[in-house]
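As a plain string of letters, each chain reads:
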Amino acid sequence: MKKTYNNKAWFFVLPVFIMVAFNALVPLMTVVNYSVQETFGDNVFTWSGVQWFSDTLTSDRFHAALLRQLEFSAIVLAIEIPLGLFIALNMPKKGFWVPVCLVLMSLPLLIPWNVVGAIWNIMALPDLGLLGRAINSLGIPYNYTRQPYSAWFTLVLMDVWHWTSLVTLLCYAGLVSIPDAYYQAAKIDGARPWAVFRYIQLPKLRHVMTIAVLLRFMDSFMIYTEPQVMTGGGPGSSTTFLSLDLVKTAIGQFDLGPAAAMSLIYFLIILVISWLFYTLMMRNEEA
Amino acid sequence: MTLELQAITRREGTATYIYETSQVFQPGTFNVLLGATRSGKTTLMQVMAGIQKPSTGRILHNGKDVTQTAVQKRNVSMVYQQFINYPMLSVYENIASPLRVAGIAEVDIKQRVGKVAELLRLTPMLQRRPSELSGGQQQRTAIARAVVKDSDLIFLDEPLANLDYKLREELREELPKLFAGRNAIVFYATTEPHEALLFGGNTATLHEGRIVQYGPTAEVYRQPNSLLSARVFSDPPINVLHVEKRGGTLTLGSDIKWKAAGPIASLSDGTYEMGLRPHHVLPTSAREKDTQLSGQVLVTEISGSESVVHFDVHGRTWVSQAAGVHPLKVGDIAHFKADLAHSIFFTPQGQRVL
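These protein sequence lines are chains A and B, in that order. For the first sequence, my numbering begins at 1 and goes up steadily by one. For the second sequence, my numbering begins at 1 and goes up steadily by one.
Quick caveat, the hints were computed from the structure, so don't treat them as lab data. Treat each hint with caution, since some may be false.
Quick list of in silico lysine-lysine cross-link-like pairs, BS3-like style, CA-CA up to 30 angstroms [stated by the list, open to error]:
id, chain 1, residue 1, chain 2, residue 2
1, A, K187, B, K73
2, A, K187, B, K257
3, B, K245, B, K257
4, A, K204, B, K177
5, B, K73, A, K93
6, B, K245, A, K187
Work the whole structure out from these sequences, hints included.
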């Protein structure tokens, strides 16, 4: 008997394909296109090969921005992940306070990035802002538009304030999904709270924590709005992270070729680090 | 090492999980807690273990009041329906964990874990992680953890419910052997009457937060003290009929009349609830004179070794359970005979009278 093929199914995939093409493939290919050409006005393009890539990879400015970016992500992760987990562990698991805590924790997540930047910008003003004045009145010189360490401190604090909740909520979801019987079994054994954390909660949270680290890494590595609103990358170039550097190159200097090459390198760095991390975390899992 | 419950109750807010219960359990016994879901089996176990505190009443362990003693000081172990093991530890470390907490010497730990692993056929898996084991092996590991530490009280809360049929049968066979010769009091919660019968030992029938009856399993099954106990301990469900006894006649419903013979004849006249287990209602081709039932077949479940037939007699559903295959067609009129010698009589309030 002749087998009939029904190719209608492809039509159902088509809308998704078109959407992905328009919001991912086409823009990406445009960037690839720019990255291998020299751009002049009047739509004049000339082939330049891997020139922009080698320029970017050997540029001190790029190295400095990348290092800044890595430092920022490392600091932010080192604070937000343990802190978020700690808060989740101490949140009530049942009763009246659960919804209250959940709403309170979600609040920072509901605020748009540029608003977060603006709030902290005003709050950290050394002469008017609540935070800025308070720190200065303690005798610690603090001025985020003049001192790099103040600017960094403010940005890290802002990111922690904004995003620790996300880690908390993810960990909390993981924690409440651990069956009660595990805690009972540990209690019967006479296990200490530390052992419960080490041998039950932490292993059971492994998947959500992996996701939390990935999300926070990717997001913090791409941070743009907050430093842009706060200091515009200053003072000097002390908070010019990769994304800010990229925008300066692309929009400020209108160097489309180098900017495109930089974007692709930037994208690959995130991809590789995320992939490495995920693979490392999951290597002991069997399917 | 007896365990004595003195008028314990367990309430949370307005909900009562355990109504006032008093009971003594002897050492070296295997006690099945039999009851439907939400009958209070788990709560009762947790109160006895000390995981939950009773709202009122006292718990005596070997004569000593342990009501306020923390669970880790009571030397109990528990196995759950879910397979609860430490995910990051090897099977060996999992089994050894209660011994390590107790501070037992490494040599002894090795020897005891080895012995228990041998008994539960886990020896080849000792170095693996729980996630690398089958469900049956994971539960064996949990059981090994429970028996390795020589607890005074061992609680098994529906431990076989999440296993497939074959593994369940296998473990069911091994479990009593594990506890034989020990001085521990073992509790085993289940919803399945035939599991209680397989294990023997003692059975407590539970219904809505109360122990309805407690005693040797066979006795509880044969001599239920009440209609409730009989209903809990019967699968398929026991046939219960409202009957009226007048002189030598037994009237079922409005029209079926049977002869009241033997001990039934000695019952005083009045109305009763009569219980008749399904395997005492058997299909027959011949027309019985005294205890004849004819009705329309509603459902048949044939497992090969037995046939369960639900049939309708004047609007009342009866259940018959007979050995072998009885290919009755749904919708047909079939004939059954009831074995009245095995009937149980209760007062309208449900108290056993015969």
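Against the structure, the hints come out as follows:
1. A:K187 - B:K73: Given that 30 angstroms is the threshold and the Cα spacing comes to 10 angstroms, the pair holds.
2. A:K187 - B:K257: 61 angstroms, violated
3. B:K245 - B:K257: 10 angstroms, holds
4. A:K204 - B:K177: Distance of about 34 angstroms is beyond 30 angstroms: violated.
5. B:K73 - A:K93: 26 angstroms, holds
6. B:K245 - A:K187: Violated, at roughly 57 angstroms.
Hints 2, 4, 6, counting from the list given before, are not met by this structure.
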